[in-house]
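Residue numbers (our numbering), protein chains in the order written: chain B, 1 to 256; chain R, 1 to 402.
The hints are simulated quantities; they were obtained by calculation from the structure and are not laboratory data. Incorrect hints may have been included.
As the list claims (entries may be wrong) - Reference excerpt, derived from the structure (chain R facing chain B, CB under 7 Å, subset only): (1) E15; (2) T33; (3) N106; (4) Y135.
Predicted, not measured: the structure shown is a model, and the values here were computed from it. Ideal Cβ placement from N, Cα and C applies to all residues, glycine included.
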Amino acid sequence: MTQSQASQAQGGAPQVSPQNSSPVERLIFGGLGLGMILLSLRQKNESGLILGTGGALLLSGAAMGRSVGAAITQVRRTPDDTIAVQRAVTIGKSADELYTFWRNFENLPRFMDHLESVKVQDGDGQRSHWVAKAHRGTSVEWDAEITEDEPGRRIAWRSLEGATVPNEGFVEFRPAPGDWGTEIHVSLTYRPPGGTLGAAVARLLGEDPAVQIGEDLRRLKRLLEVGEVPTTEGQPSARKGIMKAEAKMYDNRRTS
Amino acid sequence: MKAVVWQGINRVQVETVPDPEILQPTDAIVRVTATAICGSDLHLVDGYVPSMVHGDILGHEFMGEVVEVGSEVRKVKVGDRVIVPFPIACGKCWYCQHGLTSLCDNSNPNPKLAEALWGYAGSGIYGYSHITGGYAGGQAQFARTVFADQNLYQVPEGLTDEQVLFLTDILPTGYMGAENCNIQPGDVVAVFGCGPVGLFGIMSAFLLGAGRVIAIDRFPERLEMARQLGAETLNYETDSVFERLKEMTGGRGPDSVMDAVGLESHAGGPGGVADAVKQTTRVLESDRPHALRAAIMACRKGGTVSVPGVYGGLADKIPVGAFMNKGLTMKTGQTHVHRYLDLLMGHIQRGDIDPTQIITHRLSLDEAPHAYQIFKHKHEGCIKCVLDPWADPKDHAPVKPG
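Work out the full structure: start from the sequences and follow the hints.
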């Protein structure tokens, strides 16, 4: 059992490492930093100073295990080099309603935009086959099994052997105070191709599970509270050409 | 259809755009019969609220007749005469259920921008930048309205458009501004800004039991209107406002102070110039908070500062020491329009409030660029402009003020 599995099995969130880059990345960037410092010694002008400073920053970042890119994109890495994501939303529905909706995994693509389908494979719903949209129209598939199932409270799962992006996680349904309804807490760890660096790049490209899960939970809230997700797609404007791209930059869905 | 379109900073045009369509089953299409220009539209036109895009249709104060409804609309029917509150409520989330509709969790289709700027996103608002959802506005001949059953409010028989139009925004905004003053019977309330919201704030303060209202502005026609409503007035260009407020209240200061000005307040002196310069960069400071500073300083110890004026982002040198050491309370917010509609409609029907008295100009939609000009610069005595989307511009001579 890995460390993150151990911590999740106890019901807690995955443990996050103070170092956001993996040993391999530290070697690569440390080497790069050292190279830049050596190069700078052969320059006599200002560019040498810039090169040397950059190299020193990279080298010290690598020594401390802190990658600037991962820090900017707020990648959270666990000690065994998986990426940890946690998101929560409060929805004005009972825990039982939310659990029932979620436990029927085939509902998940209704609000998880990047999921193409989830098919439950056996009679008791322990194993399922997942298909997710990936980069440039390709897709990623994997099998997953339920590791914990407490009706109205918690569902945990993990991907089975052979997954391209090994992942595991849990969702918890906790009663919110007053008449707020139920808090949904999602925790996920995954091992992206390319490690922390890959995760940082994915985050910059907008294909990052941390962002996606936040959006997915918001969509779930809207679906269950009001029955639809509001949109402005298709409304009139006097926009032409390049201005449409500007509007799209601001809006998730809008092209009009 | 014709629509008023934002084309860049200080550029407003009337353009022909496609008619709106039902995009979701809870939508309704309204044929707009009256629409108005709001002071906060000026912040959009002046370019101080980020995320406006060339071609956006403006307008969040509008009303009209329902001409089409989506398949899931139950209460609203074709032919209904309705006003459209500017904040969009889903009606189902915790905020909507608690009467805080401008904080609706579900109606902003694009909340990430607002979350980046404010931490959490408020409701969607028509024609009010992409931070508040990027919905097309109502300064047009038709408008798509969303969550129709939760938002469209039927106008009772026997009331004109002009009597009820301001229920969409400025009348409830003035009222909530006064309510947020926490007025006790006989209190002295100072109101910074005698534009439409300030004027409705004065009327509401009296309705809520204020003994005296002191109104502050610099335009004679606005101060005159405030006097007609029963307020005492100060002109900040000729009076030393802080000293005069202190003196008029026996040295105590007003019990509550309303900032009905917002992010483009005017001030003389080096401070005002510094704010103006910083705001022009759109980076160093997004808001000119002079009225807010003055409100905090003028308010009596233990009093309440109410802020119905719109602020967008970041402002400098808010006297937080005064705020803390004087034990002030501040209440703010975009207006939860829905919660005030029944109450204020009653006040209009009984004649307690006559919203039409602030209208100085009636123009056609085609004249919108001119209307924005005179409203922004207070030319021709302009206090409030109502636009008719279906009028021939030749039929609409500007109304003389007063």
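Proposed interface contact between N106 of chain R and chain B, which counts if any beta carbon pair is under 7 Å: Status holds, d = 5 Å.
Would the hint on Y135 of chain R be counted as holding, given a Cβ-Cβ threshold of 7 Å to chain B? Since chain B brings a Cβ to about 6 Å from Y135 of chain R, closer than 7 Å, the hint holds.
Hint check, T33 of chain R versus chain B [nearest Cβ-Cβ separation less than 7 Å]: violated, 19 Å
Tell me if E15 of chain R is really an interface residue toward chain B, meaning its C-beta lies closer than 7 Å to one of theirs. Hint on E15 of chain R: holds, closest Cβ of chain B at ~4 Å, below 7 Å.
This entry does not satisfy hint 2, going by the numbered hints stated previously; all others are met.
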